[in-house]
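Taken in sequence, the protein lines are chains A and B. What the first sequence shows, in my numbering, is residues 1 to 430, in sequence order. What the second sequence shows, in my numbering, is residues 1001 to 1430, in sequence order.
No wet-lab data here; the hints were simulated from the structure. All residues carry an ideal CB built from backbone N, CA and C; glycine is no exception.
Coverage of chain B stretches by chain A, computed from C-beta distances (three or more under 8 Å per stretch; other residues unrestricted):
#, segment
1, 1131 to 1138
2, 1185 to 1196
3, 1223 to 1230
Below, a list of computed lysine to any residue pairs in the SDA-like style, where the Cα atoms sit at most 25 Å apart:
#, chain 1, residue 1, chain 2, residue 2
4, B, K1378, A, S68
5, B, K1062, B, T1124
6, A, K8, B, E1233
7, B, K1326, B, P1337
Number of protein chains: 2
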Amino acid sequence: MQQGTLIKHLGKHVGEEVTIQGWLYNKRSSGKIQFLIVRDGTGMVQSVLVKSEAPELFEMAKGITQESAIRVKGVVREEPRSMGGYEMSVTGVELISLAQEYPITHKEHGVDFLMDRRHLWIRTPRQNAVLRIRAEIEQTARDFFHQNDFTLVDSPIITPAACEGTTTLFELDYHGEKAYLTQSGQLYNEASAMAVGRMYCFGPTFRAEKSKTRRHLMEFWMIEAEAAFFDHEDNMKLQEEMVYFIVQRVLERRRKDLELLGRDISKLEAVKLPFPKLSYTEAVELLKSKGEEFVWGEDFGAPHETIISESFDSPVFIDRYPTEIKAFYMKPDPADPKVVLGADLIAPEGYGEMIGGGQRIDDLQLLEQRLEEHKLPKEAFEWYLDLRRYGSVPHAGFGLGLERTVAWICKLDHVRETIPYPRMLYRVYP
Amino acid sequence: MQQGTLIKHLGKHVGEEVTIQGWLYNKRSSGKIQFLIVRDGTGMVQSVLVKSEAPELFEMAKGITQESAIRVKGVVREEPRSMGGYEMSVTGVELISLAQEYPITHKEHGVDFLMDRRHLWIRTPRQNAVLRIRAEIEQTARDFFHQNDFTLVDSPIITPAACEGTTTLFELDYHGEKAYLTQSGQLYNEASAMAVGRMYCFGPTFRAEKSKTRRHLMEFWMIEAEAAFFDHEDNMKLQEEMVYFIVQRVLERRRKDLELLGRDISKLEAVKLPFPKLSYTEAVELLKSKGEEFVWGEDFGAPHETIISESFDSPVFIDRYPTEIKAFYMKPDPADPKVVLGADLIAPEGYGEMIGGGQRIDDLQLLEQRLEEHKLPKEAFEWYLDLRRYGSVPHAGFGLGLERTVAWICKLDHVRETIPYPRMLYRVYP
Ligand SMILES: [Mg+2]
Ligand SMILES: [Mg+2]
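Okay, chain A solo, but in the shape it has when bound (with noise of 0.2 Å):
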């Protein structure tokens, strides 16, 4: 069928007539002309009908709705005060169907009330806009990869073992055995980087955890890499470029999004390279300095990591936490075995931690025996513990989320405005 203009190409065809096809986003009108607002899924457009020139059609739009679908033919002219910079004065308009009373009208509704309608909801300018910047920030993610030479390596879904504790799993009935959701690509990718190099893996993840927080969805999407010959600083270095080249794009091509949903451009354009680097044992010296009271060995809550990134412009590196409280895999420092090559990263402005990773152990004695430490049963990592066995390397990786990503280049309140259809404690619909 007739593919008309895409809304967002409009730019390329001032002076032309084109054909647009959409739905009626919003309409005004002063009794002479009508404007009619019109979205396409790429951009929205004013297009401004007047009565004396076409008095029948100027009938007929009266009794267009909110949504309905249309077709309109209008002439494209530059109009910097308007959406998007440019303007239709309408030719023709032809409906396409009527829509019933749309329940999303202009007003303020309640969040359950949208989430119900998520399917209905995502049209809206602001959800539309968060899904581009999304979209955005996975390509370029991908892009990222491809051109350092890593190849995408798909991690499973089902998984028959739980990496650790089974707690936050959810379980499957996988033709009579035990399965589960996986909640990390990581000892998957571990075993393709020793088969490709370098690899990355990009999937959902699940956790079944009972928090009702704005940063916890049960299905989340993360970005993995792993890399053989990658030390635990070169594992560093790759996540801040990648993270910066994300911005940078996100800032080039999505401005207008981030514009339209009121974000502060200049937080996103104060991220610098390289980024900061705090050891833990600074996080902590910062934390008591700021008047909090923390014991060094504990994890940081969310509050803590609110505070610490709230002293800088750009994501912050958390370096080496006690080996008591990170993953059996984590690989100790030689020079300091009470804390691991591993380090968070910590978005600005209290989005909390965007990246976990670090040097993986490479010894195979040693991870034999963190096992037995963290009580994990070796059968069940015996396929693992072969990446030790036959041509252990130094490798180290890393896992960002991709939601709370999104949260931050969009400075959203909670992460279910960051997916398309959110999976939450209490909501699985639509």
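Starting from the known structure of chain A, arrange chain B with the ligands on it as the hints suggest.
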């Protein structure tokens, strides 16, 4: 740490001394010369170590076992007879870790043996080549959509209701509610298309089938697209352009991997646009002309698809299937409602259905009627029906099975080799 040179970049360093890091894939010795074949996941290179030039190094190298991790220093030279086109004259070898006796030797192994060691099997040249081709196809598909104004909108993995019956669904306990792993994002994609115009998603999908064929996996990745204002013809054009784009990119960037697999590349070069198109009815006639017994109205099985594909060099569309055997949402052909505006794309060389797609019903009443005919619970589809209540437009979409596409392009016997960690009827390990 020192990163060294990736083997795939050796061509840029002819005449220079470089250091590569990787694993010993194989070794040959003449007594005076050792040939160390090193892999690093980006390629393989033969490194030549001459006893008279470095007697101590030569002795040490004798003890390096298969899959040991090593660092090799040497001068790069062109050598057309050698794999990859280059060789290294070794000036130094450093052992990073000595491998225990490697289970996957250079002789033949049974598939079950290899599958139990999939985490190691992926290191071998054939499996490695397949994974690189898979990654290239994945990135290419995303590039295609990005370039064609399609926005990535991730569909959910955990879903509340069954799209088409529950017998092949993995069921999940979602905090006390029943939920299922997605079989297809399509219904969500339709909602997303009404929000962003043209969308795609690309993620894992699941089918709990008790099938054990060479075409089935329990967990597989699907590329799905959905576009507002696309009709059936637009949809088929999009599909053929995407598949053609993928084939050209693999030919351009992964030719060496195809050669390593022994792929008859002329078969891929023979793929041409536009793809041939048969109506379902014509396909039935074709089968009959080949001596097959077939009754109009039945669905094709794998053997039928193979016979049909044998008549064509390119993937072939089978268009306008009987309405009776297709999903409830498929739009009937206004000129002949016995058939739908939907087509499957059948891969060449007997690889069967790659894509299923079609135009969707955009009329509310007809869709409600279809739900009833298919005995589907209307409540579960209320949100989906909303898409016809509020600004319904003609729209179409499709889903491409990644693993079958990889199998065809690589000409593999079984889809289990197309995915890093296959999930099959009796296999969820490693
Ligand atoms: Mg933390
Ligand atoms: Mg079929």
